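Undergrad: The primary structure of each chain is shown beneath.
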Amino acid sequence: VTAFAHPGLAILAMGISSPLPRAVEPSIDGELIEACRKGDRGALDRVFRAHAEVLERLLARLVGPRGDAEDLLQETFVAAIEAFPRFRGEASVRSWLHRIAIHVAHKELRRPRHRRETPDDNLDAEAASTATPTDRIAADRLAVALYRHLDKLDARKRIAIVLHVVEGYSVAEIAALTGASQTATKSRLFWARRALLASLRRDPELDDEVRR
Amino acid sequence: MSCRTVRPWLHVAAEQLSEPDRLVLEDHLQVCERCREERAQLALVRRLGATLPVTPLGPRGHARVIAAALIRGLQPAEPVQRRPIWPFAIAGAAVVAAIAIAVVLTRADEPAPIVVRDPVPALREAPAPAPARPAPPAPIVRPDRVVVEGELEVDGNKLAPDAEVPTNVALRARVRAKVRVFDTQVVLAAASQIIVRDRTIVVLRGSALVTPRDGVQRRIEAGDTWPREARRLRAEDELATAHAAYAQGDFARAEKFAASALASKPTVAQAAEAETVIADCRQATGAHGDAMRRYQTIATSYPGLAAGETASFAAARLAARTNPTEARSLYERYLARYPQGRFALDARRALEGVR
Numbered sequence: 012v013t014a015f016a017h018p019g020l021a022i023l024a025m026g027i028s029s030p031l032p033r034a035v036e037p038s039i040d041g042e043l044i045e046a047c048r049k050g051d052r053g054a055l056d057r058v059f060r061a062h063a064e065v066l067e068r069l070l071a072r073l074v075g076p077r078g079d080a081e082d083l084l085q086e087t088f089v090a091a092i093e094a095f096p097r098f099r100g101e102a103s104v105r106s107w108l109h110r111i112a113i114h115v116a117h118k119e120l121r122r123p124r125h126r127r128e129t130p131d132d133n134l135d136a137e138a139a140s141t142a143t144p145t146d147r148i149a150a151d152r153l154a155v156a157l158y159r160h161l162d163k164l165d166a167r168k169r170i171a172i173v174l175h176v177v178e179g180y181s182v183a184e185i186a187a188l189t190g191a192s193q194t195a196t197k198s199r200l201f202w203a204r205r206a207l208l209a210s211l212r213r214d215p216e217l218d219d220e221v222r223r
Numbered sequence: 138m139s140c141r142t143v144r145p146w147l148h149v150a151a152e153q154l155s156e157p158d159r160l161v162l163e164d165h166l167q168v169c170e171r172c173r174e175e176r177a178q179l180a181l182v183r184r185l186g187a188t189l190p191v192t193p194l195g196p197r198g199h200a201r202v203i204a205a206a207l208i209r210g211l212q213p214a215e216p217v218q219r220r221p222i223w224p225f226a227i228a229g230a231a232v233v234a235a236i237a238i239a240v241v242l243t244r245a246d247e248p249a250p251i252v253v254r255d256p257v258p259a260l261r262e263a264p265a266p267a268p269a270r271p272a273p274p275a276p277i278v279r280p281d282r283v284v285v286e287g288e289l290e291v292d293g294n295k296l297a298p299d300a301e302v303p304t305n306v307a308l309r310a311r312v313r314a315k316v317r318v319f320d321t322q323v324v325l326a327a328a329s330q331i332i333v334r335d336r337t338i339v340v341l342r343g344s345a346l347v348t349p350r351d352g353v354q355r356r357i358e359a360g361d362t363w364p365r366e367a368r369r370l371r372a373e374d375e376l377a378t379a380h381a382a383y384a385q386g387d388f389a390r391a392e393k394f395a396a397s398a399l400a401s402k403p404t405v406a407q408a409a410e411a412e413t414v415i416a417d418c419r420q421a422t423g424a425h426g427d428a429m430r431r432y433q434t435i436a437t438s439y440p441g442l443a444a445g446e447t448a449s450f451a452a453a454r455l456a457a458r459t460n461p462t463e464a465r466s467l468y469e470r471y472l473a474r475y476p477q478g479r480f481a482l483d484a485r486r487a488l489e490g491v492r
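One line per chain: the protein sequences are A and B, in this order.
The opening residue of the first sequence carries number 12 in our numbering; numbering runs sequentially from there.
The opening residue of the second sequence carries number 138 in our numbering; numbering runs sequentially from there.
What the hints contain is simulated information worked out from the structure, not anything from laboratory work.
Note that the structure is a prediction, hence the values are computed from the model and not measured.
Just so it is clear, CB atoms sit at the ideal spot from N, CA and C, and this is done for glycine as well.
Just so you know, not all the hints are guaranteed correct.
Claimed, not checked - Label pairs and their in silico Cβ distance ranges:
| no. | chain 1 | residue 1 | chain 2 | residue 2 | range |
| --- | --- | --- | --- | --- | --- |
| 1 | A | 219 | B | 320 | 17 to 25 Å |
| 2 | B | 152 | A | 218 | 23 to 31 Å |
| 3 | A | 51 | B | 160 | 46 to 54 Å |
| 4 | A | 64 | B | 208 | 16 to 24 Å |
| 5 | A | 201 | B | 151 | 20 to 28 Å |
| 6 | B | 320 | A | 52 | 18 to 26 Å |
Stated by the list, open to error - Simulated coverage check for chain A against chain B, where a stretch passes if three residues somewhere in it have a Cβ under 8 Å from a Cβ of chain B:
| no. | stretch |
| --- | --- |
| 7 | 42-56 |
| 8 | 89-102 |
| 9 | 106-117 |
| 10 | 175-188 |
| 11 | 207-213 |
Model the full assembly from the supplied sequences, consistent with the hints where possible.
TA: Shown next as structure tokens:
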């Protein structure tokens, strides 16, 4: 398997039921893990640097443009530092960090603040503040509009659908990452997909984009 | 082929599917409009989710986040704040002593017990109980105090290191100095001034580096506060919307959001920016007189800010359309104030043109 910049693409390339691609796993040896367990600053720094980009992207996609990915990334690393002594090495460090990041995102999405900040004005402001060229603003506006629809979903369903459709994870992988059963994950995906697509159909801007 | 069979592939890009699966899917999509629509919708979700308008932190940002996380994650757990037990011990002792006195006084009325072998103790007077000492005052907690850790001044008077000053007093640093406000470290740049109001640090002049408990250092400029107020963030949002509306030519909307930003308790810089947007909108809609007045007010009110400089130049440029004499004077005033300013070159060229 070639090294994919995006882990989801590698999964898709191998078929949707394939396991997590090992090709994207940064080389982290047992000694480094042991040093991380003991709270070695250098070892933790090395492990976090190897995964920061992927985790940042994952968090941004889970919480959307309104979320503060920087704060969430920091929360993820702090949680990982605290949990490292209990890390048994049964899963890869990447999967383990992904699980922590998803947990952090879930907590963020359940916060009332996140739900409160959904008026259109804010979305317009965010869309406008991201870039200056008109086409980029239009693209950003659509992405922000998509997350407005995702905001309507329950946090667990939202995480499942983003991991499935945007990140490209299979049902089994999402179940493993979120700590839910495969049956529960399938159910979440079914209802999330149904609610999201119905919501998109009612949005003239996004509906036009679909038909283009 | 049923919809159920192809459903797991609907969100997958065609090039990511195996050849047989792709052919099956394509055959189905040709006859099933519902699946075709669902596939288009999911493709849009995938595309928009992947191109989220988020500026990546980059390696330097990651290093900053990791450093902050390491500080927070590796710091030893804070010891549990235990209340001192001695006030309770003394209070308990006082209660016991009071009960003892009550018991003794009650028993004083009772006949003395007949003790045959040793009558002396019965005749002996009970010792006078020690007067219950009043409980000492609770330790003074001063959440309203600011601890000075460097050379600072209040009204020109130099403070001793480690001095405590009350809140609502403006602290001035001649040279770079440190101050601890509650649990936050603040490093004032030279010639900076801060004031603490209602547990909020306000930078009046210069700038300060604030390091709260999370260990992440932030730079706070003049006019800004720490913690940042939610209303100020709201002002930021509204200003962004105003700029976007202005860029789209919707001046009424731009002015509305700029006015809303002004009403949201903005920082000095945000207020200047909002007023500039309003003046720009007035100019764009032909209200040149009003725009000119606004530019001149901004230029005189905020001479140290970028908005002040911009307004000063904008006023001169606006005057150049109607009144060359006034324009010359305004360009000269701009150059006198900002000889190395961002528009200095434009101002010099314009001045030559006006002459």
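Undergrad: Next, verify each hint and record whether it holds.
TA: Tested hints:
no.	hint	in the structure
1	A:219 / B:320: 17 to 25 Å	violated (52 Å)
2	B:152 / A:218: 23 to 31 Å	holds (26 Å)
3	A:51 / B:160: 46 to 54 Å	holds (53 Å)
4	A:64 / B:208: 16 to 24 Å	holds (21 Å)
5	A:201 / B:151: 20 to 28 Å	holds (23 Å)
6	B:320 / A:52: 18 to 26 Å	holds (23 Å)
7	42-56	holds (count 4)
8	89-102	holds (count 4)
9	106-117	violated (count 0)
10	175-188	holds (count 4)
11	207-213	holds (count 4)
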